[in-house]
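A.B. asks: Spelled out from the first residue to the last, the chains are:
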Amino acid sequence: MNIVRQQRALLFILTIGITLTATSTRAAGPGFSMGGTEGKNGKCLDCHATQGKVGSKFFIDPVQYRHTNHAKIGCPACHDGAVIAGHPAVRKVSTKTDCRICHTDIAEEYARSGHAGKAGCNGCHNPHKAKTPTEICGSDLNKMCAGCHNNYAIMASHAKWLPQAELHIEMLPCITCHTGSVNYVINLYIINRQGIPHLGKFVPAGYDELKRVAGKKDILAMIDTNGDNYISLAELRNFNTNPDYKGLHLQAMMTPETVTHSFRILDNRRDCLFCHASGPGAMQTSYVAVPKEDGTFRKVLVEKGAVLESLNSTPDFYMTGKTRNSILNKIGLLIILGGLVMPVGHGFFRFLSRNIRNRKENGHE
Amino acid sequence: MSEHKKIYLHPLPVRIWHWINALGIITLCITGVQIRFPEYVNICGSYRAAIVLHNWAGLIVALSFSIWFFYYSMSAHNLTELYVPNGQDIKRGILRQAFFYFFLYFFGTPNPHHATPGNKFNPMQKSAYLAIMFVLMPVVSLTGILLMNVAPLRELILTVGGLKVIDILHYLAACSLGAFLFTHVYLTTLGHTPLAHTKAMVTGWEDAE
Numbered sequence: 029m030n031i032v033r034q035q036r037a038l039l040f041i042l043t044i045g046i047t048l049t050a051t052s053t054r055a056a057g058p059g060f061s062m063g064g065t066e067g068k069n070g071k072c073l074d075c076h077a078t079q080g081k082v083g084s085k086f087f088i089d090p091v092q093y094r095h096t097n098h099a100k101i102g103c104p105a106c107h108d109g110a111v112i113a114g115h116p117a118v119r120k121v122s123t124k125t126d127c128r129i130c131h132t133d134i135a136e137e138y139a140r141s142g143h144a145g146k147a148g149c150n151g152c153h154n155p156h157k158a159k160t161p162t163e164i165c166g167s168d169l170n171k172m173c174a175g176c177h178n179n180y181a182i183m184a185s186h187a188k189w190l191p192q193a194e195l196h197i198e199m200l201p202c203i204t205c206h207t208g209s210v211n212y213v214i215n216l217y218i219i220n221r222q223g224i225p226h227l228g229k230f231v232p233a234g235y236d237e238l239k240r241v242a243g244k245k246d247i248l249a250m251i252d253t254n255g256d257n258y259i260s261l262a263e264l265r266n267f268n269t270n271p272d273y274k275g276l277h278l279q280a281m282m283t284p285e286t287v288t289h290s291f292r293i294l295d296n297r298r299d300c301l302f303c304h305a306s307g308p309g310a311m312q313t314s315y316v317a318v319p320k321e322d323g324t325f326r327k328v329l330v331e332k333g334a335v336l337e338s339l340n341s342t343p344d345f346y347m348t349g350k351t352r353n354s355i356l357n358k359i360g361l362l363i364i365l366g367g368l369v370m371p372v373g374h375g376f377f378r379f380l381s382r383n384i385r386n387r388k389e390n391g392h393e
Numbered sequence: 012m013s014e015h016k017k018i019y020l021h022p023l024p025v026r027i028w029h030w031i032n033a034l035g036i037i038t039l040c041i042t043g044v045q046i047r048f049p050e051y052v053n054i055c056g057s058y059r060a061a062i063v064l065h066n067w068a069g070l071i072v073a074l075s076f077s078i079w080f081f082y083y084s085m086s087a088h089n090l091t092e093l094y095v096p097n098g099q100d101i102k103r104g105i106l107r108q109a110f111f112y113f114f115l116y117f118f119g120t121p122n123p124h125h126a127t128p129g130n131k132f133n134p135m136q137k138s139a140y141l142a143i144m145f146v147l148m149p150v151v152s153l154t155g156i157l158l159m160n161v162a163p164l165r166e167l168i169l170t171v172g173g174l175k176v177i178d179i180l181h182y183l184a185a186c187s188l189g190a191f192l193f194t195h196v197y198l199t200t201l202g203h204t205p206l207a208h209t210k211a212m213v214t215g216w217e218d219a220e
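Going down the list, the sequences are from chains U and R. Going left to right, the first sequence walks through residues 29 to 393 as our numbering numbers them. Going left to right, the second sequence walks through residues 12 to 220 as our numbering numbers them.
If you are wondering where the hints come from, they were derived from the structure by calculation, not from laboratory data. Virtual Cβ for every residue (Gly too), placed ideally from N, Cα, C. Among these hints, one or two may not hold up.
What follows is a list of derived Cβ distance ranges for each label pair [stated by the list, open to error]:
{"no.": "1", "chain 1": "R", "residue 1": "Gly172", "chain 2": "U", "residue 2": "Asn386", "range": "46 to 56 Å"}
{"no.": "2", "chain 1": "U", "residue 1": "Val287", "chain 2": "R", "residue 2": "Glu166", "range": "28 to 38 Å"}
{"no.": "3", "chain 1": "R", "residue 1": "Phe145", "chain 2": "U", "residue 2": "Gly255", "range": "45 to 55 Å"}
{"no.": "4", "chain 1": "U", "residue 1": "Gly243", "chain 2": "R", "residue 2": "Leu167", "range": "28 to 38 Å"}
{"no.": "5", "chain 1": "R", "residue 1": "Val146", "chain 2": "U", "residue 2": "Asn178", "range": "41 to 51 Å"}
{"no.": "6", "chain 1": "U", "residue 1": "Val369", "chain 2": "R", "residue 2": "Thr204", "range": "16 to 26 Å"}
Distance condition first, Cα-Cα at most 25 Å in a straight line; then the derived PhoX-like pairs of lysine-lysine [to be verified]:
{"no.": "7", "chain 1": "U", "residue 1": "Lys327", "chain 2": "U", "residue 2": "Lys239"}
{"no.": "8", "chain 1": "R", "residue 1": "Lys16", "chain 2": "U", "residue 2": "Lys388"}
{"no.": "9", "chain 1": "U", "residue 1": "Lys157", "chain 2": "U", "residue 2": "Lys100"}
{"no.": "10", "chain 1": "R", "residue 1": "Lys102", "chain 2": "R", "residue 2": "Lys131"}
{"no.": "11", "chain 1": "R", "residue 1": "Lys17", "chain 2": "U", "residue 2": "Lys388"}
{"no.": "12", "chain 1": "U", "residue 1": "Lys171", "chain 2": "U", "residue 2": "Lys327"}
With the sequences and hints as input, model every part of the structure.
C.D. replies: Written out as structure tokens, the structure is:
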């Protein structure tokens, strides 16, 4: 009996020992400390940050990844650390984490949306490049949708009821109409001509090409000349009229102030007045999105009323009805009233002189 | 009742053009006001309806303008003669006509200008129509075509200076045309009867004054 008890005790101790060893390996993984960001990712990025080592499928852009919040919790937080022990010999590293564990509220909101079941988180978001809404340029937003939604089909379906569908789809992120938000803001971003001079296509300018134009100074300094991290109307006008930046233009998009995952078809967006009617606070808030080296954007607040100014602040952004300029309204009214001077003024004297003219006409007869 | 000698002043193509243009421009003015001030004006039922109607009316007016231009320059061959003030008009004619309209008219003095098919506009009319037909109409039509096709014609829009430049030109030219409409309609009542000029634009025959 004693021998049996001794054998059971030894087996128990061995089991506990093996379990503890395995748990400690799983928790930290070889090369993964619980310290800084680099420590959590460094071992993985030794290989995965080099396309030549892992191929394009498993390549992680280190510049973009290090910027994400996911980099702060580290690779093992989402990927199965236990398998890493045999990696890369075993090669297979599964994703053990469900996005819903951390992003519960978003997941619940998404599950209630019309898009639920159509795509998972990875369908739209690359966790190794995930950006916060403030770090993304308006024109990049639609790239996520274009991954599944064919641009021509979208254009054709919208053209059935939407005038200038191509323009709307080009100038608006899908989420502006297909998610709800109380307020909307204007995001200005710099576009540059590429291809044939004077005929090439305008595309959002990236960090490298803007840096070449900016030279030694910061890209933002091309617009925010006094460096106060706030863009005045005068600074916008200077940027638009500066001959050094002749090929660059500011393009704008109307985006929701609060980004949500409540995707659905909103019938009130079919009413043009949802966007095209003016109001007391309409179009007062705008930002300029300036690209950063890591692929994200820095958004800088612009003085109120930029898109409502007549010409120089945002010369290529105009929404009929919404961004009408009040001074031009008054000038237009004066012109029309000028057209009434002749009928009213002349008509008045014509009325007063009716007897003289009648006598003259009768005298002739 | 005095007997008026009749002259055939407005050929059929000109009359058709005039009334198509009139209907088109009135439609453009009404829909244009709704497009710019949608929260105050809703004549067409919806903003989309106003846009669609404005686009169609704009295309018709632009096409009608082209027909007018080609008719006078290619077929009638008297575009310059009718619409461009000559030296005499500039030296004396405009002042004489203005003096008539704003002074002599009220004393029953006859109009110094006698319309003929080859010279149907007085010097003031010529100057006004020169600005309207050779400046305002082309500006409002071309900017309208650009505004209707922002995405495909963006390159051209940027070359001109951007969407706002195009919009401002379109808006100011449209306001000027709208202003002219009041003066134009009023001046048609200055014939020997208030409707004499309007009838002439229907029948083609004008009473010689």
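A.B. asks: Next, verify each hint and record whether it holds.
C.D. replies: Results for each hint:
no., hint, in the structure
1, R:Gly172 - U:Asn386: 46 to 56 Å, "holds, 55 Å"
2, U:Val287 - R:Glu166: 28 to 38 Å, "holds, 32 Å"
3, R:Phe145 - U:Gly255: 45 to 55 Å, "holds, 50 Å"
4, U:Gly243 - R:Leu167: 28 to 38 Å, "holds, 31 Å"
5, R:Val146 - U:Asn178: 41 to 51 Å, "holds, 45 Å"
6, U:Val369 - R:Thr204: 16 to 26 Å, "holds, 24 Å"
7, U:Lys327 - U:Lys239, "holds, 17 Å"
8, R:Lys16 - U:Lys388, "holds, 20 Å"
9, U:Lys157 - U:Lys100, "holds, 13 Å"
10, R:Lys102 - R:Lys131, "holds, 19 Å"
11, R:Lys17 - U:Lys388, "holds, 23 Å"
12, U:Lys171 - U:Lys327, "holds, 19 Å"
Comparing the model with each numbered hint stated earlier shows that all of them hold.
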